Amino acid sequence: MYEKDGEKYFIVDSHIHYWDASRENWKPGAEEYAKGWIDCFYGYHQLGPPETHWDYEKYLKVTPEDFERDIFTEGHVDHAIFQSTYLKEWYTTGFNTAAKNAEMLEKFGDRLIVNGRFDPRDGEAGMAELEADAERYNLKGVKLYTAEWNNGSRGWKLTDPESYRFLERCQELGIKNVHVHKGPTIWPLNKDAFDVADVDQTATDFTDLNFIVEHVGLPRIEDFCFMAVQEPNVYAGLSVVIGGLMHARPKFFAKVIGELMFWVGEDKMLYGGDYNIWVPKWQVEGFVDWQMPDDEAFTDYAKLTTETKKKILGLNAARLYDIPVPAELQLATTAGEDLQPGEELVKDVAGAQA
Amino acid sequence: MRCPPGSELRDAVWAALGTVLDPELDEPITELDFVESCTVSEHAATGAAEVVATVVLRLPTFFCAPNFSFLMVADAFDAVAAVPGVTRAEVTLADHHASAEINGGVAAQAGFVGSFGEEAGAELDELREQFLRKAALAGQDRVARPLVDAGAGPDELAALTLGSVPPSPELNRLRERRAAIGMAHGDDAPLLVQADGSRVTAAQVPLHLRRARLQRIGIETNGEYCKSLLKTRYAGAGV
Numbered sequence: 000m001y002e003k004d005g006e007k008y009f010i011v012d013s014h015i016h017y018w019d020a021s022r023e024n025w026k027p028g029a030e031e032y033a034k035g036w037i038d039c040f041y042g043y044h045q046l047g048p049p050e051t052h053w054d055y056e057k058y059l060k061v062t063p064e065d066f067e068r069d070i071f072t073e074g075h076v077d078h079a080i081f082q083s084t085y086l087k088e089w090y091t092t093g094f095n096t097a098a099k100n101a102e103m104l105e106k107f108g109d110r111l112i113v114n115g116r117f118d119p120r121d122g123e124a125g126m127a128e129l130e131a132d133a134e135r136y137n138l139k140g141v142k143l144y145t146a147e148w149n150n151g152s153r154g155w156k157l158t159d160p161e162s163y164r165f166l167e168r169c170q171e172l173g174i175k176n177v178h179v180h181k182g183p184t185i186w187p188l189n190k191d192a193f194d195v196a197d198v199d200q201t202a203t204d205f206t207d208l209n210f211i212v213e214h215v216g217l218p219r220i221e222d223f224c225f226m227a228v229q230e231p232n233v234y235a236g237l238s239v240v241i242g243g244l245m246h247a248r249p250k251f252f253a254k255v256i257g258e259l260m261f262w263v264g265e266d267k268m269l270y271g272g273d274y275n276i277w278v279p280k281w282q283v284e285g286f287v288d289w290q291m292p293d294d295e296a297f298t299d300y301a302k303l304t305t306e307t308k309k310k311i312l313g314l315n316a317a318r319l320y321d322i323p324v325p326a327e328l329q330l331a332t333t334a335g336e337d338l339q340p341g342e343e344l345v346k347d348v349a350g351a352q353a
Numbered sequence: 000m001r002c003p004p005g006s007e008l009r010d011a012v013w014a015a016l017g018t019v020l021d022p023e024l025d026e027p028i029t030e031l032d033f034v035e036s037c038t039v040s041e042h043a044a045t046g047a048a049e050v051v052a053t054v055v056l057r058l059p060t061f062f063c064a065p066n067f068s069f070l071m072v073a074d075a076f077d078a079v080a081a082v083p084g085v086t087r088a089e090v091t092l093a094d095h096h097a098s099a100e101i102n103g104g105v106a107a108q109a110g111f112v113g114s115f116g117e118e119a120g121a122e123l124d125e126l127r128e129q130f131l132r133k134a135a136l137a138g139q140d141r142v143a144r145p146l147v148d149a150g151a152g153p154d155e156l157a158a159l160t161l162g163s164v165p166p167s168p169e170l171n172r173l174r175e176r177r178a179a180i181g182m183a184h185g186d187d188a189p190l191l192v193q194a195d196g197s198r199v200t201a202a203q204v205p206l207h208l209r210r211a212r213l214q215r216i217g218i219e220t221n222g223e224y225c226k227s228l229l230k231t232r233y234a235g236a237g238v
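Those protein sequence lines, which keep their order, are chains P and X. Residue numbers for the first sequence follow numbering that gives the first Met the number 0, beginning at 0 and rising by one. Residue numbers for the second sequence follow numbering that gives the first Met the number 0, beginning at 0 and rising by one.
Please keep in mind that the hints were generated in silico from the structure rather than gathered at the bench. As the structure is a prediction and not an experimental result, all values here were calculated from the model. Glycine included, C-beta positions come from ideal geometry on N, C-alpha and C. There's no promise every hint is true.
Now the in silico label distances, taken between C-beta atoms and shown as ranges [claimed, not checked]:
#1 Q170/P / E175/X: 45 to 53 Å
#2 E295/P / D186/X: 25 to 33 Å
#3 G113/X / R168/P: 34 to 42 Å
#4 G110/X / R68/P: 51 to 59 Å
#5 K106/P / Q129/X: 28 to 36 Å
#6 Y233/X / N137/P: 54 to 62 Å
#7 E49/X / Y55/P: 40 to 48 Å
#8 M126/P / D148/X: 38 to 46 Å
#9 Q170/P / G113/X: 42 to 50 Å
#10 D77/X / R22/P: 48 to 56 Å
Throw the hints in and build the complete structure from the sequences for me.
Laid out in structure tokens, this is it:
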């Protein structure tokens with residue numbers, strides 16, 4: 000819990016990692032990709048405040064002690080949700096597997112949720128793995144990285160027939176939250192890999208599932224917002240938005256938050272700190288202190304209320320994951336409820352003024 | 000990084016690179032600092048038969064999308080090769096996961112399919128057009144926003160044509176993007192148009208401008224990330 004100016008915030012970090020990018024884990028023959036991947040992340044890391052920067056060696060792999068301090072002792076986080084990113088073509092034991100994340104469960108099992116994953120190209124073996132993970136970790140969510148390389152394939156779409164088979168199985172297994180992360184390589188390569196049209200179609204076809212689009216669809220925020228306004232079961236994952244913009248590009252951070260508040264709404268935005276790209280401390284504290292600027296350029300964006308921040312920082316995610324929230328910290332949110340799309344926006348009769 | 004001045008030919012090569020856009024960011028690669036080096040062989044001065052322009056491009060990350068990366072290298076090759084006085088262009092991309100395919104393919108003038116084989120699917124015309132359409136939507140916000148700020152209302156905005164708004168670089172840019180996708184761009188073309196080119200009605204103006212602004216913010220935010228990451232990746236670089 001984080002307390003500031005007499006207000007108490009229940010913090011659910013909906014997107015954290017616990018990766019192993021150490022050199023020993025770079026797969027022989029694929030070292031340049033393993034290095035390229037973590038170097039790319041290290042670039043993002045440096046968009047945070049300078050005093051939070053780590054040296055490269057530490058960045059490759061943190062210790063359990065680092066994790067505990069960064070997330071719980073200093074990070075204000077009450078509950079955190081582990082997302083995985085396997086990348087076994089580049090990292091021998093995987094970049095960040097569910098099993099690696101689960102190492103932390105022994106000590107912090109009451110505060111951590113391990114999400115699973117699937118890759119429809121893995122076929123029956125992948126299905127068996129999903130089922131085993133669902134039982135082992137009592138899965139309520141999966142993280143899907145559609146640009147993952149797999150046996151000569153450079154990616155997949157949520158609308159692939161095999162993918163639907165996995166999503167149907169997710170429903171049967173009680174997995175209701177699907178975190179989607181787009182990446183740069185999708186077959187065929189001539190298409191825009193960051194296109195979220197497949198999420199749109201899938202969200203329509205699986206109305207019982209919640210689709211959390213990570214990084215708010217970056218670099219296609221507009222496509223994401225145009226979709227989210229029409230799909231009541233689509234949510235905005237703020238990982239990388241707060242970490243990558245709040246410090247480095249504050250004006251753009253304000254614009255993006257303003258647009259998300261308009262198109263998506265405060266009940267469908269989920270804080271994610273994206274550890275270990277960044278630590279949560281400065282992000283939580285900074286967001287609680289943050290307000291839409293008073294400048295002329297921002298006047299038709301909504302100001303954030305304390306309630307708004309409480310929802311975004313934890314209460315919305317708590318609803319999606321059935322995380323118990325102390326009664327005195329609770330607020331009403333429509334997160335997780337069956338809603339109709341924002342018809343007033345879709346039908347071109349918005350109250351928004353030019 | 001600016002080509003070292005010294006010859007008209009070098010300046011001409013640099014100017015040619017300035018016409019190459021990052022299709023996603025809708026900005027010239029020269030302004031994005033994507034040109035790592037740009038040299039013209041010394042033969043230029045001595046009047047030798049072969050004059051080689053050598054350009055190395057760089058991008059914000061090792062994993063920038065291969066399709067857009069290919070377009071920039073191929074477009075830079077075409078632009079530089081077309082400069083009068085240049086007899087051979089060598090344009091390569093450094094530090095990228097698909098450098099080998101892209102550089103080999105562009106040098107061989109193999110096209111995207113020839114460079115990536117079956118993975119490619121098709122050439123990139125459709126992708127390029129998709130992003131020009133985004134740029135043409137964002138451009139409506141760029142041109143209309145000052146008028147909105149000055150108090151123009153929906154009726155007035157819906158009636159505007161490209162010829163009736165004050166001249167500006169943003170207006171020229173919007174005309175160019177529309178021309179590139181075959182959309183009306185003359186003086187009598189409406190400023191605010193739907194994706195199919197039809198005029199936006201006064202009642203639709205508020206939401207349309209919301210969409211146009213979101214599109215602009217999407218592109219510009221993407222650009223800010225790219226610039227930040229490039230600066231970090233090539234610490235000490237210009238920008």
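For which of the previously enumerated hints does the structure constitute a violation, in increasing order of number? 5, 6, 8 and 10
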